[in-house]
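Engineer: Position chain B relative to chain A; hints supplied.
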Amino acid sequence: MSFGAEIRKDFVLDSKTIFVNHASCGALPLNVYNHRLGLVQKMESSPDVWFRLKSESMWKESIDTVAEFLGSKPSNLVFVKSTTVGINAVLRSLKLGRGDSILISSWSYFAVKDTCHELERQQGIEILYVDIPYPLKSKEQLLELYETMLQKHSSICLVLLDVITSVPPVLLPVKQLIAICRKYGKLVLVDGAHVPGHVEANLEDLGADFFTGNMYKWAYAPRDCAVLWIHEKFHGAIMPPVTGYSFYGEGEMWRNYLYQGHGDFTPFYSVGRAIDFYRGIGGREGILDYCSSLVTKAADLLVTRLRTFHYPLPEDMQTPLMRQVALPKLKKYPPVIVPPGEVKRKIHNMMTLMEDILNRFGIMCACVSVDNRAWIRLCASVYNEISDYEKLADAIATLVEEDEEIEV
Amino acid sequence: MAVFGRALMKKEFMLDSSKTFLNQGSYGNAPRRVIECRTGYIRMMEESPDDYFRWKNEDFWLSMVQTVAEFIGSDPQNVVFVQNTTTGINAVIRSLNFEKGDGILINSWTYGNVKNICAYAADTRHVDLYYVDIPFPLKSVDQILTAYEEKLSKHQNIKLAIVDYISSMPPALMPVKEMIALCRKYDTLVLIDGAHTPGQLPLHLDQLGADFYAGNLHKWAFAPRGSAVLWIRPEFHHTIFPVVTSYYDKEVVYKNFFYQGTGDNSTYYSTAEALKFYQEIGGYDKISEYCSKLALDAANLLVKKWKTSLYPMPDNMLPPFMRLIRMPDHKWFPTFKTSADDRKNFCRDNMSLMKTVWERFQIQSVFISIHGQSWCRISASVYNEIEDYEKLADAILTLLDEEK
Numbered sequence: 070m071s072f073g074a075e076i077r078k079d080f081v082l083d084s085k086t087i088f089v090n091h092a093s094c095g096a097l098p099l100n101v102y103n104h105r106l107g108l109v110q111k112m113e114s115s116p117d118v119w120f121r122l123k124s125e126s127m128w129k130e131s132i133d134t135v136a137e138f139l140g141s142k143p144s145n146l147v148f149v150k151s152t153t154v155g156i157n158a159v160l161r162s163l164k165l166g167r168g169d170s171i172l173i174s175s176w177s178y179f180a181v182k183d184t185c186h187e188l189e190r191q192q193g194i195e196i197l198y199v200d201i202p203y204p205l206k207s208k209e210q211l212l213e214l215y216e217t218m219l220q221k222h223s224s225i226c227l228v229l230l231d232v233i234t235s236v237p238p239v240l241l242p243v244k245q246l247i248a249i250c251r252k253y254g255k256l257v258l259v260d261g262a263h264v265p266g267h268v269e270a271n272l273e274d275l276g277a278d279f280f281t282g283n284m285y286k287w288a289y290a291p292r293d294c295a296v297l298w299i300h301e302k303f304h305g306a307i308m309p310p311v312t313g314y315s316f317y318g319e320g321e322m323w324r325n326y327l328y329q330g331h332g333d334f335t336p337f338y339s340v341g342r343a344i345d346f347y348r349g350i351g352g353r354e355g356i357l358d359y360c361s362s363l364v365t366k367a368a369d370l371l372v373t374r375l376r377t378f379h380y381p382l383p384e385d386m387q388t389p390l391m392r393q394v395a396l397p398k399l400k401k402y403p404p405v406i407v408p409p410g411e412v413k414r415k416i417h418n419m420m421t422l423m424e425d426i427l428n429r430f431g432i433m434c435a436c437v438s439v440d441n442r443a444w445i446r447l448c449a450s451v452y453n454e455i456s457d458y459e460k461l462a463d464a465i466a467t468l469v470e471e472d473e474e475i476e477v
Numbered sequence: 360m361a362v363f364g365r366a367l368m369k370k371e372f373m374l375d376s377s378k379t380f381l382n383q384g385s386y387g388n389a390p391r392r393v394i395e396c397r398t399g400y401i402r403m404m405e406e407s408p409d410d411y412f413r414w415k416n417e418d419f420w421l422s423m424v425q426t427v428a429e430f431i432g433s434d435p436q437n438v439v440f441v442q443n444t445t446t447g448i449n450a451v452i453r454s455l456n457f458e459k460g461d462g463i464l465i466n467s468w469t470y471g472n473v474k475n476i477c478a479y480a481a482d483t484r485h486v487d488l489y490y491v492d493i494p495f496p497l498k499s500v501d502q503i504l505t506a507y508e509e510k511l512s513k514h515q516n517i518k519l520a521i522v523d524y525i526s527s528m529p530p531a532l533m534p535v536k537e538m539i540a541l542c543r544k545y546d547t548l549v550l551i552d553g554a555h556t557p558g559q560l561p562l563h564l565d566q567l568g569a570d571f572y573a574g575n576l577h578k579w580a581f582a583p584r585g586s587a588v589l590w591i592r593p594e595f596h597h598t599i600f601p602v603v604t605s606y607y608d609k610e611v612v613y614k615n616f617f618y619q620g621t622g623d624n625s626t627y628y629s630t631a632e633a634l635k636f637y638q639e640i641g642g643y644d645k646i647s648e649y650c651s652k653l654a655l656d657a658a659n660l661l662v663k664k665w666k667t668s669l670y671p672m673p674d675n676m677l678p679p680f681m682r683l684i685r686m687p688d689h690k691w692f693p694t695f696k697t698s699a700d701d702r703k704n705f706c707r708d709n710m711s712l713m714k715t716v717w718e719r720f721q722i723q724s725v726f727i728s729i730h731g732q733s734w735c736r737i738s739a740s741v742y743n744e745i746e747d748y749e750k751l752a753d754a755i756l757t758l759l760d761e762e763k
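Going down the list, the protein sequences come from chains A and B. Sequential numbering of the first sequence, starting at 70, is according to the numbering used here. Sequential numbering of the second sequence, starting at 360, is according to the numbering used here.
Next up, chain A with everything else stripped away, as it sits in the complex (with noise of 0.2 Å):
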């Protein structure tokens, strides 16, 4: 299989830039795009036929394939628009009111920390920190803390953890964290948003009560296709955020979540295609046997080229596709300084820089603010090269020469 440059042709991504920011978006393959059209004109050609009489078969044909890529049985498996949407489902179902305590952490997502503080608002619900040291020294010391906090907090009902962090990109060693969660009688939600495609997953075997992740980030389905994994024990009870067509509280639960009102559902239905895509570019071993050690070696570069540091981690918790370097101080894009202790506002996108980087030098990259310095998360996928990240090396270099002309 060839990577790189030569397949960045199959894919809609604009030949004029250089993406290496494959996490926040994903990439669509131009098979899975063109596929995910034709369901469109067929959809537009005959709605009724569409909607009353094939959808229903649509649904569970594609959820039987994508419950087998994630190791799931398809009874346990809906789609959702996103991750968020899935967790808000979730959330929104559980009746937490005031004197509960969900349990999250500082490098859980910003939209995770939004939702349950809306939540606080509206319900009364009490939002726990986990606040993740830097640097984190191992696993251990992760899994003392969230042991420490459940200990302390008696009113936790329900945990929420990640597989994969966004920011900073980290693998957690997530089933001994759930292992902690049982034994102290938790409910466990595992955003799983960068999972499908990246690492491993086998979502009977997990231990959870609820996951939820997205197959347009790694997995190469079109945008708004995502899955939520409800155990059965609680099928009557976890709704969708939108109650629509289907009798809620009768009947199969999958139907409460294909009856949103009318939409486009293609992009459920197009999840097919993008898991044959996967499967024909070498899946899971062979992308990650060239993006792996991509990415190290992007990373590398960076710190070598930049005279600065990986982000600190136990070598174990690398995840296999993302890596984070911190950049060089900059007069003209300083990082967000964020009180001791502060865990909700803690990371924080550097739009500013990111759009330099974009409209000066062509390249799409992310840069984040996190533990009160600047650094870029690189991503590496099945479309880039090493080239990319010598260019990103020589534009930042770039920023560095002319922040050194710039007076304080």
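In case anyone wonders, no lab produced these hints; they're calculated from the structure. Built from N, CA and C at the ideal position, the CB exists for glycine as well. There could be a bad hint or two in this list.
In silico contact screen, one side only, chain B against chain A (beta carbon under 7 Å); selected entries [as the list claims (entries may be wrong)]:
hint: 1; residue: Met373
hint: 2; residue: Glu395
hint: 3; residue: Glu405
hint: 4; residue: Ser407
hint: 5; residue: Pro408
hint: 6; residue: Asn449
hint: 7; residue: Asn475
hint: 8; residue: Thr604
hint: 9; residue: Leu660
hint: 10; residue: Val662
hint: 11; residue: Trp665
hint: 12; residue: Ser668
hint: 13; residue: Leu669
hint: 14; residue: Pro671
hint: 15; residue: Phe720
hint: 16; residue: Gln721
Between beta-carbon pairs, the in silico distance windows are [stated by the list, open to error]:
hint: 17; chain 1: B; residue 1: Ile745; chain 2: A; residue 2: Asn271; range: 30 to 40 Å
hint: 18; chain 1: A; residue 1: Glu125; chain 2: B; residue 2: Pro687; range: 28 to 38 Å
hint: 19; chain 1: B; residue 1: Ser512; chain 2: A; residue 2: Gly107; range: 54 to 64 Å
hint: 20; chain 1: A; residue 1: Lys123; chain 2: B; residue 2: Ile745; range: 45 to 55 Å
hint: 21; chain 1: B; residue 1: Lys369; chain 2: A; residue 2: Ser362; range: 33 to 43 Å
hint: 22; chain 1: A; residue 1: His304; chain 2: B; residue 2: Pro496; range: 39 to 49 Å
hint: 23; chain 1: B; residue 1: Lys369; chain 2: A; residue 2: Asp83; range: 26 to 36 Å
hint: 24; chain 1: A; residue 1: Gly352; chain 2: B; residue 2: Lys369; range: 40 to 50 Å
hint: 25; chain 1: A; residue 1: Gln192; chain 2: B; residue 2: Ile745; range: 52 to 62 Å
Structural biologist: Just chain B now, with coordinates in the frame of chain A:
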């Protein structure tokens, strides 16, 4: 000005022009140019997703809201996009602070999804649910208004009334202004289910007097499926949040609805193209002139050929572009006993008949049971002509003949 009828279907729509489509009311149909416009946005999104989501998305949203707000007679600040009316209604109900014992008022003609969300609210938030049973047959608008006054005066705990502007089943133009006035009299908030109204009626939402309104652009305003508006009265701007929290801003209402992660807003961004089409083919005056007359003629034709009747309601409640016609008495068109508050059975699709009529005659129409009787709901849209309904009439007569 474009010619209406099948010629327009062939020229502008993606519907298979060898077949007959009489159900604009359910799913809407967008013209090819609007779908292509949408595809353009999807392409843009996929060519450079970060750029699209971080730097372009918001400008597109604000610009589209401006255009759509003008069409619906509203200040742009009161309007957000949602996927469909169901989602908009969910947002309002889930956001409002109901306390135990507060009431929600709906009626027997309330749309199924809305009945479901209210039932869910009743169960999970201990809200009391009240129904007005709309009499069958309905002789005058006053019967509805009297029933509403009775309920509102008797149950002062009713906090919110959900009122259809044009109901779905049966399709009817409700006395919305009078119902809003009644609700005001009893200090009840009003949420208008306007699913069918953009494009079918001229809208002046800022003057309507409601607190909330949700309506689909993808039915009669030719936008792609998955584009609707939620209108929120200014004093509720900081109260109503989307059903999914992605971005949480207490100050600016649109930001919460706009920023739904890396979701596909391309349907919203195609609404300007849809409204442009709407105006190009004649705008409200010409479209209404054509479709209203066609609905009237089609209904008369079907009633005559089937020897049946229209759903019994006052003439001033007939919706502009839809009709509900009684099916002939026959086993194909089953009847059964039901009650007005039976959520599940009040209105049921007759799927096997729909399938048969589609497969054998290539006609898409809606066949349902209400009050345990069989009906057909027709829509009259710009791509329809009277021959379409002749085909429908004959199809049913053929089925009846075959059974002899």
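Engineer: Evaluate each hint against the coordinates.
Structural biologist: Taking the hints in turn, this is what the structure says about them:
1. With a cut of 7 Å, the hint placing B/Met373 at the interface with chain A holds, because the nearest CB-to-CB distance is about 4 Å.
2. Annotation: B/Glu395 was flagged as interfacial toward chain A, and the flag is violated, the nearest CB pair being 10 Å apart, outside 7 Å.
3. Annotation: interface hint on B/Glu405 holds; nearest CB of chain A at approximately 4 Å, less than 7 Å.
4. For B/Ser407, the interface hint holds, since its Cβ comes within 7 Å of a Cβ in chain A; the closest pair sits about 5 Å apart.
5. Among the interface hints, the one on B/Pro408 holds; its C-beta lies about 3 Å from the nearest C-beta in chain A, closer than the 7 Å criterion.
6. With 7 Å as the threshold, the beta carbon of B/Asn449 comes within range of chain A, its nearest partner Cβ sitting at about 5 Å, so the hint holds.
7. The interface hint given for B/Asn475 is met, as the beta carbon of that residue sits about 5 Å from the closest beta carbon of chain A, less than 7 Å.
8. Given the 7 Å rule on beta carbons, the hint for B/Thr604 holds: about 4 Å separates it from the nearest Cβ of chain A.
9. The criterion of a C-beta within 7 Å of any C-beta in chain A is not met by B/Leu660, whose closest approach is roughly 21 Å, and the hint is violated.
10. Given the 7 Å rule on beta carbons, the hint for B/Val662 is violated: about 23 Å separates it from the nearest Cβ of chain A.
11. Interface hint status for B/Trp665: violated, as the beta-carbon distance to the closest one in chain A is roughly 21 Å, over 7 Å.
12. The closest approach between the C-beta of B/Ser668 and any C-beta of chain A is roughly 25 Å, which is over the 7 Å cut-off, so the hint fails.
13. Here the hint on B/Leu669 is broken, as its CB sits about 22 Å from the closest CB of chain A, past 7 Å.
14. Contact between B/Pro671 and chain A, as hinted, is not supported at the beta carbon level, the nearest pair being about 27 Å apart and thus beyond 7 Å.
15. Given hint, B/Phe720 at the interface with chain A, is violated; its Cβ is 13 Å from that chain's nearest Cβ, farther than 7 Å.
16. The restraint placing B/Gln721 at the interface with chain A is violated, with a minimum CB-CB distance near 10 Å, outside the 7 Å limit.
17. A beta carbon spacing of about 60 Å between B/Ile745 and A/Asn271 contradicts the range 30 to 40 Å that was offered as a hint.
18. Between A/Glu125 and B/Pro687 the beta carbons are some 30 Å apart, a value that agrees with the proposed interval 28 to 38 Å.
19. Judged by the Cβ atoms, the range 54 to 64 Å given for B/Ser512 and A/Gly107 holds: they are separated by roughly 57 Å.
20. Distance hint check for A/Lys123 and B/Ile745: the Cβ-Cβ separation is about 30 Å, which falls outside the suggested range of 45 to 55 Å.
21. Distance hint check: the CB atoms of B/Lys369 and A/Ser362 are about 56 Å apart, inconsistent with the given range 33 to 43 Å.
22. Between A/His304 and B/Pro496, the C-beta spacing of about 42 Å keeps the proposed range 39 to 49 Å intact.
23. Taken as a hint, the range 26 to 36 Å holds for the pair B/Lys369 and A/Asp83, whose Cβ atoms sit roughly 35 Å apart.
24. Checked against the hint of 40 to 50 Å, the C-beta distance between A/Gly352 and B/Lys369 comes to roughly 45 Å, which is consistent with it.
25. The supplied range of 52 to 62 Å is met by A/Gln192 and B/Ile745, whose beta-carbon atoms lie about 56 Å from each other.
Of the numbered hints listed earlier, those contradicted by the structure are 2, 9, 10, 11, 12, 13, 14, 15, 16, 17, 20 and 21.
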